Amino acid sequence: MPHDLSAEAIEIAVHGRLGRPVRFFDAIGSTNDEAWGWARDGAPEGAMVVADHQTQGRGRWDRDWIDRPGSSLMFSLILRPQPDAEAVRLLTTAAGVACSEAVEAVYGVRTGLKWPNDVTVGGRKLAGLLVESATRGDRVEVAVVGFGLNMHLPAGMPAEVVDGATSISDALGRSEPGRPVDRAGLLAAILTEFEHTYGRLTDPAGRAELLRRAERRSVVIGMSVAARLADGRTLSGIARGLLPSGALEIEVKGARLALHSAEITQLRAAPVPRPR
Numbered sequence: 064m065p066h067d068l069s070a071e072a073i074e075i076a077v078h079g080r081l082g083r084p085v086r087f088f089d090a091i092g093s094t095n096d097e098a099w100g101w102a103r104d105g106a107p108e109g110a111m112v113v114a115d116h117q118t119q120g121r122g123r124w125d126r127d128w129i130d131r132p133g134s135s136l137m138f139s140l141i142l143r144p145q146p147d148a149e150a151v152r153l154l155t156t157a158a159g160v161a162c163s164e165a166v167e168a169v170y171g172v173r174t175g176l177k178w179p180n181d182v183t184v185g186g187r188k189l190a191g192l193l194v195e196s197a198t199r200g201d202r203v204e205v206a207v208v209g210f211g212l213n214m215h216l217p218a219g220m221p222a223e224v225v226d227g228a229t230s231i232s233d234a235l236g237r238s239e240p241g242r243p244v245d246r247a248g249l250l251a252a253i254l255t256e257f258e259h260t261y262g263r264l265t266d267p268a269g270r271a272e273l274l275r276r277a278e279r280r281s282v283v284i285g286m287s288v289a290a291r292l293a294d295g296r297t298l299s300g301i302a303r304g305l306l307p308s309g310a311l312e313i314e315v316k317g318a319r320l321a322l323h324s325a326e327i328t329q330l331r332a333a334p335v336p337r338p339r
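Quick note on numbering: the sequence shown equals residues 64 to 339 in this note's numbering.
In case anyone wonders, no lab produced these hints; they're calculated from the structure.
For clarity, every value in this text was computed on a predicted model and none was experimentally measured.
There's no promise every hint is true.
Stated by the list, open to error - Distance condition first, Cα-Cα at most 16 angstroms in a straight line; then the derived EDC-like pairs of lysine to aspartate or glutamate:
1) LYS188 to ASP147
2) LYS188 to ASP245
3) LYS188 to ASP201
4) LYS188 to GLU326
Claimed, not checked - The calculated label-pair distances, taken between Cβ atoms and stated as ranges, are:
5) PRO84 to ALA197: 32 to 38 angstroms
6) PRO334 to ALA90: 29 to 35 angstroms
7) GLY317 to PRO267: 27 to 33 angstroms
Glycine included, C-beta positions come from ideal geometry on N, C-alpha and C.
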């Protein structure tokens with residue numbers, strides 16, 4: 064695979080407010096960890112860390128993100144949000160929508176959103192998002208938004224990584240065999256989509272529009288789901304929609320519940336109610 068990601072390629076591709084200044088690494092432990100260190104040193108909003116390879120990448124609940132050099136697009140944005148709690152809670156939703164829409168715009172690959180933080184193609188995971196924040200009192204001072212996308216799945220990857228996963232190359236192999244992938248170009252497209260959405264998160268109308276976009280792309284809403292909570296419990300019900308906070312509303316035995324943090328472990332078609 065050609066080395067399509069470099070500091071120079073990123074500087075040429077990125078033209079918006081977000082994504083500058085940039086630090087690029089051939090290999091790093093974690094882009095989120097590097098971003099946090101930079102943020103503590105005073106990095107401005109929009110600063111970005113990009114890596115060709117992570118040796119200690121992680122996802123939600125401290126799960127490992129495993130990649131090989133050149134196989135993924137991994138970057139972390141430093142944000143200093145306005146003091147608007149609703150906007151901060153929707154950062155994961157905004158990142159997912161931006162990633163999904165950019166992949167479709169650049170490659171024509173139809174994607175879906177699996178709440179809370181996965182982008183999927185054909186039911187398999189293409190990308191994951193990780194949002195972390197630091198607060199002072201009730202105000203979020205810094206947020207780091209991490210993106211990880213599979214560009215291709217190299218031979219020899221662990222089975223637990225490959226099972227349930229897909230990549231841009233896999234998706235293009237079915238529709239446009241041999242088409243090269245351009246990580247710098249896709250990075251720029253994601254930043255453009257995210258910057259537009261992020262800029263409107265302090266506006267109630269902008270938040271409502273984001274939720275509509277997310278619901279249209281959701282592969283969860285309207286489905287019968289099993290959701291594993293952080294404490295190990297599992298809830299089963301029907302996913303009904305997204306709440307203004309970005310939480311998933313599910314119906315469990317006739318009661319509506321809000322899930323703020325969970326993992327969807329099962330998806331199947333919801334039963335059709337019998338006519339009375």
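Results of checking the hints against the structure:
With a CA separation close to 31 angstroms, the supplied pair LYS188 and ASP147 exceeds the 16 angstroms bound. Taken as a hint, the LYS188 and ASP245 pair is broken in the structure, with Cα atoms around 19 angstroms apart against an allowance of 16 angstroms. With a CA separation close to 34 angstroms, the supplied pair LYS188 and ASP201 exceeds the 16 angstroms bound. With a C-alpha separation of about 13 angstroms, the suggested pairing of LYS188 with GLU326 holds against the 16 angstroms cut-off.
Remark: the range hint 32 to 38 angstroms for PRO84 to ALA197 is contradicted by a beta-carbon distance near 20 angstroms. PRO334 and ALA90 have their C-beta atoms about 49 angstroms apart, which leaves the hinted 29 to 35 angstroms range violated. As the Cβ distance of GLY317 to PRO267 is approximately 30 angstroms, the hint placing it in 27 to 33 angstroms holds.
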